[in-house]
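> Sequence:
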Amino acid sequence: MRKIEIYIITILVLVLSGCSQSFLNTQDLTQKTDATFYLTPDDAAQALTGIYSSLPNAMSPNLGIDIFIASEQMSDECYGGGGQIDHEGAIDQFQETDINEGDNAWKYYYQGIFRANTLIKKFSQITGWSSDDVKNQTLGEAYFLRAYYYFDLMKMFGGPVNGKMTGVPLITDPSAPTSKRADVDSVYAQIASDLKEAITIMPASNFTSLVGSGSGTNGHATKWAAEALMARVFLFYNGEAYGRDCSQLGSNATMPLVGGGKVTNTEVVGWIDDCVTNSGYKLASDFRNLWPYSYSNEDYGYAKNNHLKWVTEDVGANTEAIFDINYSNLNTNNYYNMNDLYLGWRMQTQMPFGYGWGFCTVSAYATWNSWDNADLRKAGSICDVNNPDEGISGYTWHGDLMNETGYWQKKYLPVNVKSPVDGHLLNYSCILYGTPENIMTDNTQSMMLIRFADVLLMGAELGSSHAQQYLDMVRSRAGLPSIPVTLANIQQERKHELAFEGIRYWDEIRWGTLEADLKTASGEPMWNAGVSSTYTPNLTRLSKTKGFLPIPTSQITLSNGKLQQNDGWNDADADRMYTTN
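For reference, each letter of the sequence shown is one residue, going 1 to 581 in UniProt numbering.
A few of these clues could be false.
Unchecked claim - Computed list of lysine-lysine pairs in DSS-like fashion (alpha-carbon distance at most 25 Å, straight line):
| hint | residue 1 | residue 2 |
| --- | --- | --- |
| 1 | K378 | K411 |
| 2 | K411 | K309 |
| 3 | K107 | K122 |
| 4 | K164 | K411 |
| 5 | K378 | K519 |
| 6 | K519 | K107 |
Claimed, not checked - Pairwise CB distance ranges (calculated):
| hint | residue 1 | residue 2 | range |
| --- | --- | --- | --- |
| 7 | I439 | W397 | 44 to 54 Å |
| 8 | T266 | G512 | 42 to 52 Å |
| 9 | N252 | K562 | 32 to 42 Å |
| 10 | S131 | D299 | 18 to 28 Å |
| 11 | Q248 | N438 | 26 to 36 Å |
Don't read these hints as lab results, they were simulated from the structure.
Where a beta carbon is used, it is the ideal one built from N, C-alpha and C, also for glycine.
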């Protein structure tokens with residue numbers, strides 16, 4: 001199985017400044033310190049695991065606002081959902097019910113950055129590597145993760161201050177004190193430099209060869225992931241959020257590097273083409289088989305009638321997942337996928353969709369109604385509870401669910417199968433891994449953060465000479481004919497291919513289409529805790545915040561005022577108790 005157990009590596013750094021030399025002059029043989037750690041490749045591997053462990057925590061909605069759930073709620077794809085008093089739903093209206101909702105995301109991203117800074121700084125003292133490839137792969141992953149964490153922080157919190165787009169604190173030295181917010185270009189220069197270094201030093205190990213070795217990637221970043229992330233960052237940096245015209249993206253587009261120099265559009269296209277040609281990744285034969293609902297192919301009408309078969313998460317089975325988070329319910333460190341639980345159908349189970357909290361109900365006006373029925377991804381991504389082809393019976397309407405439309409996304413949510421013992425419904429993870437049933441810990445579905453279809457569409461948007469081929473590959477799998485490569489067509493293709501994967505919102509921000517897209521959903525009928533209502537987007541709040549999240553008040557307090565809050569989040573209309581919207 002491809003699941004791996006992730007353990008938090010606690011590294012104790014003892015700071016003894018101010019003590020007399022006679023206070024302690026015996027080497028501590030029981031604790032890892034700066035003097036006794038970062039010496040061997042095994043130390044480096046443990047430190048790297050510690051860097052990775054910050055990511056699932058930062059992306060856990062159970063610990064407050066996370067980038068995945070929040071971006072779905074703020075996009076035109078979904079509404080807030082959840083119950084009447086669930087604070088997470090307020091972000092759908094660009095409001096908050098807790099001034100520290102983003103605190104855990106902020107802390108865990110910076111925890112990962114601190115750990116990456118430490119490994120990078122200490123790396124030169126590590127000896128005994130089995131090969132240069134292993135050495136460079138390890139260091140490259142640290143650079144990749146630091147870039148990944150800073151990019152997520154910029155998307156979430158790098159909003160305007162007094163009308164000027166502003167970065168997040170930029171810290172690259174583990175001993176550096178808390179800093180004020182950096183300028184946007186400084187943060188992106190660091191991200192670009194880290195990714196360029198990762199691309200340069202990491203070995204070009206083909207996915208097929210990794211599978212042949214029996215290891216796969218086990219959720220680790222590769223050269224190909226760094227190339228793909230560089231393209232994603234480059235597109236966002238050169239978008240409308242920073243006053244750039246995304247329709248004019250071309251050879252003149254650049255992104256700064258630390259110390260001068262720039263990453264060019266030509267370089268980024270070259271890296272994307274390299275990823276497509278040499279990585280060994282490829283599209284799964286059927287888009288729908290990427291998602292665990294296809295595992296229930298004997299008992300779920302839609303999966304059975306379409307002869308679906310889940311690719312599984314065995315080593316090498318998913319040829320499309322370039323970078324993902326792997327979860328497990330086999331350990332005690334709470335590394336299960338809480339996003340699935342949050343997105344499950346509220347307080348009810350329908351074969352194959354399991355019990356959850358009901359967040360991110362799907363918009364019919366903005367998503368379902370505009371989608372071509374001939375596109376197999378439509379029913380492959382969204383469940384219409386009134387569609388007899390789904391084989392759903394007995395759906396329970398109302399209760400305390402907010403923004404209820406009767407449409408649910410299918411990609412990330414609890415998936416049930418029938419027990420081979422007595423036929424009762426239970427989460428598929430319990431069958432695969434033989435674990436006891438527990439709705440809080442059952443969900444182990446991997447989160448695909450970068451997949452091959454996204455790489456193809458980014459290549460088309462960036463202007464690769466293979467753009468038409470890349471677009472056709474994605475559409476052909478969906479059963480659709482070729483269309484010309486235009487920005488409008490690529491935008492529509494990304495909307496449908498990457499729906500409900502935490503990508504759409506950031507596309508809308510960089511394209512400058514968010515306000516118009518949200519207006520499409522205006523007036524949609526829905527039920528709020530059983531009360532008939534219609535949806536009204538809060539465009540006033542969007543205008544004030546520009547779609548960025550609030551820096552946690554606790555972090556502003558800890559900085560002694562060095563951190564400035566993003567525009568709009570000190571206003572009276574930022575706070576919301578749940579209403580009927």
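> Is the straight-line distance between the alpha-carbon of K411 and that of K309 25 Å or less?
holds (14 Å)
> Using the beta carbons of Q248 and N438, state whether their distance is inside 26 to 36 Å or not.
Violated: the Cβ-Cβ distance is about 52 Å, outside 26 to 36 Å.
> If you draw a straight line from the CA of K107 to the CA of K122, is it 25 Å or shorter?
holds (22 Å)
> Against the 25 Å threshold, does the CA-CA distance of K519 and K107 hold or violate the hint?
violated (34 Å)
> Do the alpha carbons of K164 and K411 lie within 25 Å of each other, as the hint requires?
violated (37 Å)
> Please test the hint of 42 to 52 Å on the beta carbon pair from T266 and G512.
violated (24 Å)
> Does the hinted range 18 to 28 Å hold for S131 and D299 at CB?
About 48 Å separates the Cβ atoms of S131 and D299, which means 18 to 28 Å is violated.
> Note whether the CB distance of N252 and K562 lies within 32 to 42 Å or breaks it.
Since the Cβ atoms of N252 and K562 sit about 36 Å apart, the hinted range of 32 to 42 Å holds.
> CA of K378 to CA of K411, is that 25 Å or under?
With a Cα-Cα distance of about 12 Å, the restraint between K378 and K411 holds, given a limit of 25 Å.
> Evaluate the given range 44 to 54 Å for the C-beta pair formed by I439 and W397.
violated (22 Å)
> Quick one, are K378 and K519 close enough, alpha carbons at most 25 Å?
holds (21 Å)
Against the hints set out earlier in the document, violations occur for numbers 4, 6, 7, 8, 10 and 11.
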